[in-house]
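*Asks:* Letter by letter, the chains look like this.
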Amino acid sequence: MISFVTKLGDSFLYFIRDQGRMGMFLLSALLGAFSRPFRFREVVRQISIIGANSFAVIFFTAIFTGMVLGLQGYYTLRKFGSEGMLGSAVALSLIRELGPVLTALMVTGRAGSAMCAEIGIMRNSEQIDALECMAVNPFRYLITPKFLATIISVPILTQFFNVIGIAGGYVAGVVLLGVNPGAFYNGIEQSVVNEDINLGIVKSFVFALLVVWICTGKGYFVHILRNAGFGAEGVSRATTQAVVLSSISVLIWDYLITAVML
Amino acid sequence: MSPSIIEFHNVVKSFGPQRVLDNVTISFEAGRTTVIAGGSGQGKSVTLKLILGLLAPDAGEILVNGQDITKMKLRELNRIREKFGVLFQGAALLDSMTVFENVALPLRERTKFKPPEIAQRVRKMLTQFNLEEHEAKFPAQLSGGMKKRVGLARALMLQPEIMLFDEPTTGLDPQITMEIYRLFFNSQKQFGYTSIIVSHDIPKVFNLADQVVLLNKGKMVTFASPEEIPLSTEPQIVSFAVETMGHIYSSSKMEHNI
Ligand SMILES: Nc1ncnc2c1ncn2[C@@H]1O[C@H](COP(=O)(O)OP(=O)(O)OP(=O)(O)O)[C@@H](O)[C@H]1O
Ligand SMILES: [Mg+2]
Chain X
1 MISFVTKLGD
11 SFLYFIRDQG
21 RMGMFLLSAL
31 LGAFSRPFRF
41 REVVRQISII
51 GANSFAVIFF
61 TAIFTGMVLG
71 LQGYYTLRKF
81 GSEGMLGSAV
91 ALSLIRELGP
101 VLTALMVTGR
111 AGSAMCAEIG
121 IMRNSEQIDA
131 LECMAVNPFR
141 YLITPKFLAT
151 IISVPILTQF
161 FNVIGIAGGY
171 VAGVVLLGVN
181 PGAFYNGIEQ
191 SVVNEDINLG
201 IVKSFVFALL
211 VVWICTGKGY
221 FVHILRNAGF
231 GAEGVSRATT
241 QAVVLSSISV
251 LIWDYLITAV
261 ML
Chain U
1 MSPSIIEFHN
11 VVKSFGPQRV
21 LDNVTISFEA
31 GRTTVIAGGS
41 GQGKSVTLKL
51 ILGLLAPDAG
61 EILVNGQDIT
71 KMKLRELNRI
81 REKFGVLFQG
91 AALLDSMTVF
101 ENVALPLRER
111 TKFKPPEIAQ
121 RVRKMLTQFN
131 LEEHEAKFPA
141 QLSGGMKKRV
151 GLARALMLQP
161 EIMLFDEPTT
171 GLDPQITMEI
181 YRLFFNSQKQ
191 FGYTSIIVSH
201 DIPKVFNLAD
211 QVVLLNKGKM
221 VTFASPEEIP
231 LSTEPQIVSF
241 AVETMGHIYS
251 SSKMEHNI
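Chains as they are written, first to last, in our numbering: chain X, 1 to 262; chain U, 1 to 258.
Label pairs and their in silico Cβ distance ranges:
no. : chain 1 : residue 1 : chain 2 : residue 2 : range
1   : U       : E228      : X       : S48       : 57 to 63 Å
2   : U       : N10       : X       : A56       : 56 to 62 Å
3   : U       : S14       : X       : V5        : 20 to 26 Å
4   : X       : T258      : U       : G41       : 49 to 55 Å
5   : U       : F191      : X       : F40       : 31 to 37 Å
6   : U       : F138      : X       : L8        : 45 to 51 Å
Think of the hints as simulated: they come from the structure by calculation, not from any bench.
Built from N, CA and C at the ideal position, the CB exists for glycine as well.
All chains, please: the whole structure from these sequences, using the hints.
*Replies:* Structure follows, in structure tokens:
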């Protein structure tokens with residue numbers, strides 16, 4: 001009984017410390033963006049790793065998501081005789097929800113996991129210690145460029161997702177199922193307003209921050225991660241945790257942002 | 001006795017229930033070479049990390065040049081760290097950078113030298129370590145001995161006052177080991193740094209030592225010279241030495257040359 005209480009207390013203290021650590025981590029990473037010299041080349045390199053290399057994945061996810069939306073939407077709307085609304089249904093679902101969420105999830109799987117593993121390995125092989133010993137701030141050097149690159153890339157990828165997704169919906173609805181193309185465009189034009197686009201943009205920024213924060217943070221603290229073990233096993237557990245936690249956080253914040261901004 | 005540059009006062013460091021350093025008081029003298037010896041997992045690397053401020057002690061003071069680093073802000077700590085050069089146990093080269101970039105890193109980050117000046121200094125150092133042909137390789141493409149040499153070159157780039165070496169020769173063949181020792185000897189003569197060497201390579205490494213520290217079960221014992229260990233009349237120290245170094249220790253009486 002006492003040992004149970006001690007364990008519970010330990011877990012609670014660990015949780016609090018973990019939150020504190022992650023909070024300080026976020027602060028240091030963001031402050032790093034305002035320090036000189038600005039590592040422009042490293043940010044560009046990270047954008048090409050995190051952003052540019054994700055285009056293919058995003059393209060395929062988006063085109064098929066759009067086509068499924070077109071297909072499902074068509075059969076649902078036909079029951080009410082309103083196939084003309086298809087364009088609006090596809091565009092709104094993508095811009096408000098699916099674009100930001102699916103982009104964030106794909107970036108987590110493709111780039112977030114890689115970031116976590118990379119930083120975890122650097123921690124375990126004392127590369128981060130070495131940076132600190134050379135009096136190089138590891139945040140400015142390693143973490144901040146990844147933050148900036150993700151926060152720049154994800155909103156752009158999200159917009160790309162939306163465009164490709166709508167094209168997918170067009171292919172499924174108009175080309176394959178014969179919805180009137182004029183009606184499809186009209187539906188989009190008349191129903192999508194600025195608020196929808198703003199909502200999507202806000203989401204994509206928040207998701208980008210969540211993903212990069214959790215993924216780099218889990219890697220950075222791999223050596224004090226609880227129940228993770230050390231060495232390669234520690235890195236692999238940290239990476240799994242980072243992907244799971246990022247994905248769940250994205251979905252929770254999706255709900256919260258929608259609830260607040262509606 | 002020269003003045004001490006690093007001092008531990010009653011330092012305690014535990015990980016969970018495991019007490020790695022138990023009330024350790026010790027000093028390292030300026031301009032001289034101290035060898036820290038002890039079995040695997042006894043806390044040698046932890047001791048170096050405490051000196052660098054990478055780990056904080058649970059209790060006690062750690063003085064570098066008379067200043068307590070355990071109470072310092074990061075900014076002050078970084079100023080102290082500039083005095084140090086470190087060769088990590090696994091060399092700790094940055095994976096994503098070439099040999100050249102690794103060695104250039106301290107100059108790029110800590111000095112205002114222009115790129116041509118940096119390139120010239122890096123090439124000079126690489127030549128000294130016989131690495132000039134490998135400057136474009138990445139750490140994953142290097143052998144263990146080459147990594148250590150690159151790590152050493154990087155550590156010496158800013159002409160440190162204090163060099164810390166964590167097992168510089170472990171896992172290397174005898175020939176490379178000899179080469180590394182020669183590099184130590186020459187670079188110390190050239191730069192005049194204080195050095196602290198953690199090593200299993202007993203008794204060879206004792207030829208470099210002015211002072212030997214044995215670490216066992218959280219306790220440290222200092223010997224003014226390696227010759228003193230076998231001469232010690234205290235049975236406690238002798239058993240400590242035998243326990244720490246085992247049979248290798250007894251052979252140190254016979255072998256005198258590297
Ligand atoms: N971050 C850490 N968390 C928990 N325990 C640690 C940590 N770092 C070191 N230890 C423990 O402290 C002890 C001393 O470790 P240290 O790395 O200093 O050993 P060492 O003397 O350098 O051994 P080796 O010769 O094998 O390198 C070990 O038992 C190790 O498990
Ligand atoms: Mg060690």
